[in-house]
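Assemble the complex: chain A is given as a structure, and chain B must be docked to it using the hints.
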Amino acid sequence: MSLVEVQDLKTWYPVKTGLFSAKKHVKALDGVSFNIEKGETVGLVGESGCGKSTLGRTLMCLERHKSGAYRIDGVDISGLSGSELRKARSSFQMIFQDPYGSLNPRMTVCRMLDEVLCLHTKFSTQERKDRIAELLKMVGLPLQAMERYPHQFSGGQRQRIGIARSLAVNPKFIVADEPVSALDVSVQAQIINLLRDIQSKTSIAYLFIAHDLAVVEHISSRILVMYLGRIVESGPAREICSNPLHPYTKALISAVPSIDPATRRNRIFLPGDVPSPLDPPHGCPFHPRCPIARARCSEEVPALFPADSSGERHSACFFASEVPAM
Amino acid sequence: MAAAVPGTLRYILKRILCGKISCAAFIIVVLYLLLSCGMEIYAYHCAYSGIDPIYAKGNMSMNFLPPSAEHWFGTDYQGRDVFWRSLAGAGTAVKIGMSASIISAVIGVILGMLAGYFGKWVDDLVVWIYSTFASMPTLLFILAFALLVSKGFLFPPAAELLKKFANVFHADMGMIAVYLGIGLTGWVGLCQVVRAETMKLRETGYVLAAKSMGFNPFKIIFRHIMPNLFHLVIIYFTMRFAYSVMTEVIVSYLGLGVESAPSWGVMISDGQEGLWRGLWWEVTAATALMFFMVLPLHLLGDYLRDILDPRLGEN
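As you go down the protein sequences, you meet chains A and B in turn.
Each residue of the first sequence is one higher than the last, beginning at 1 in the numbering used here.
Each residue of the second sequence is one higher than the last, beginning at 1 in the numbering used here.
Honestly, the hints are just simulated from the structure, not real lab data.
Treat the hints with care, as some may be off.
[As the list claims (entries may be wrong)] Quick list of simulated restraints, FRET-style, between CB atoms:
#1 Ser21/A to Glu203/B: 26 to 36 Å
#2 Ala133/A to Leu139/B: 51 to 61 Å
#3 Val122/B to Thr17/A: 20 to 30 Å
#4 Phe218/B to Val256/A: 45 to 55 Å
#5 Trp128/B to Val185/A: 35 to 45 Å
In this text, a Cβ means the ideal position worked out from N, Cα and C, and glycines have one as well.
With the rest of the complex left out, here is chain A (with noise of 0.2 Å):
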């Protein structure tokens, strides 16, 4: 059984349109399915307004989902609510993209952490107050940091009591929304290797989310690409970068910039712009920008299929064969 267990979960937004429109929906979320294992790192790859942040969220049970199921460490998350929920989700934790803003201005570092110690364990003063010093020395920060405030820190600093702060109740599970698109490249790099150190000493499992691929591709383990509230690829990390089997990533993978003339990749092009969750086309969502695209896409909606012998590579398009090619 796998750490975390995602089926077919679909968030859906209301809409009003207008007074005598039938309601809409926008449908940031429509059926994901994926699996995580402990100690295991997955990145959740696609642009702007596709959905990963809406998927972190309601894993974190931040949005209600409509329908389908997620179980985290066993248990049913989806099922729950009020207390029960409350007591629940220290198995699981976020990282927010926004150090500046994820930190309560008015509270010092110490009383932040003490504050969720509280609430999750039974220790004692000393034992919260040793364990504080633990959670801020494994995040690499300074013990005079705890009686400081936010605003005395820099950006790549808060992300660090950022963590700290998911770290305290020893979560499993961990979503990490774009926790590093907010830092300059030196600070990204440092936090990417404290969460893999973190990763090491704990085996705590995260689903990275991000829209930088080459990040991505030196944190995870395996990568999710999504389009428009669906996974449409699926695999290993290192082959889904090499060869993409789904025109979206491939096109993504293209679009990464490369200093080196000589490895320069051919660019594509994707026309238009991502078409909108309210009003998604018929068939395969991708099938207006898609370079392959024929008549059969605009009919069907291609289940995430698997793409190779191996059975770990899953790509959403009818034609995948004929990717590489491209």
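For chain B alone, coordinates are given in the frame of chain A:
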């Protein structure tokens, strides 16, 4: 030692004391507060030992005396000293300003935060309530309420309860009515602002983080949201304070509020009869003391808004 965090009391105090006008306004307001505390203690002392307080001691043979070394602001129609009466009036005004603003702030902040955080039907209900209150003419509501309470048209058990309150606070029923009346009508503006701010804060990272930590909604509201919108409460509290003082004067002037205690409104109403005979000092004293209290409060409120409201930009 941590540096002052923007928005904390220490930070606010520091900023206030840096500005010339704000510093002066702040000092005047503090003086008024001290004065009213002094007057209140004196009133309690007089009530316990059974002596007439200096501002209530009348001498009919000495009435309508103009300002002199003995009676700085002259005497009124009962021969009472106007200087001491206007100082005691400051005590009444501060008492009413404080309690009415506290009532408004508590109602406004709690309803606003609940509406903003929970949304849905809670929000609809709160919006409905404050729209109803906002559509009533404030002064008429206060007058009706004061009439109801002070003239004893209230449901008996409720009147009994209010009487007990009145005894505790050393005030007559009319004053309690004005406290409640001004407090119950003054929360709408603050409630709207707090609701909007809560809606904004509800989506910030640290509130989401607190939610995903598993804190219960009330802990999130009081620990993470309230401290971060407290600057709004401070601004509105100062503004409401000034407004409450003026409303008290108007209601007392109309003869519905304060009866036994000295009040600027009552003084103005008493003094206006003598104005055409040239007996200007009673009205002048009351008006001047009110003016020098309300003006600094407004200045302070404006200044607080400048330094605390992020929408106006940091200067």
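Hint check for Val256/A and Phe218/B - Cβ pair distance inside 45 to 55 Å: The hint (45 to 55 Å, Cβ to Cβ) holds, given that Phe218/B and Val256/A are roughly 47 Å apart.
Glu203/B and Ser21/A - C-beta distance against the hinted 26 to 36 Å: Cβ of Ser21/A to Cβ of Glu203/B: about 27 Å, so the range 26 to 36 Å holds.
Beta-carbon spacing of Val122/B to Thr17/A - inside the hinted bounds 20 to 30 Å or not: Cβ of Val122/B to Cβ of Thr17/A: about 26 Å, so the range 20 to 30 Å holds.
Outcome for the supplied range 51 to 61 Å, where the beta carbon pair is Ala133/A and Leu139/B: Once the Cβ atoms are compared, 60 Å apart, the range 51 to 61 Å for Leu139/B and Ala133/A holds.
Satisfaction of the hinted span 35 to 45 Å by the C-beta atoms belonging to Trp128/B and Val185/A: violated, 52 Å
Against the hints set out earlier in the document, a violation occurs for number 5 only.
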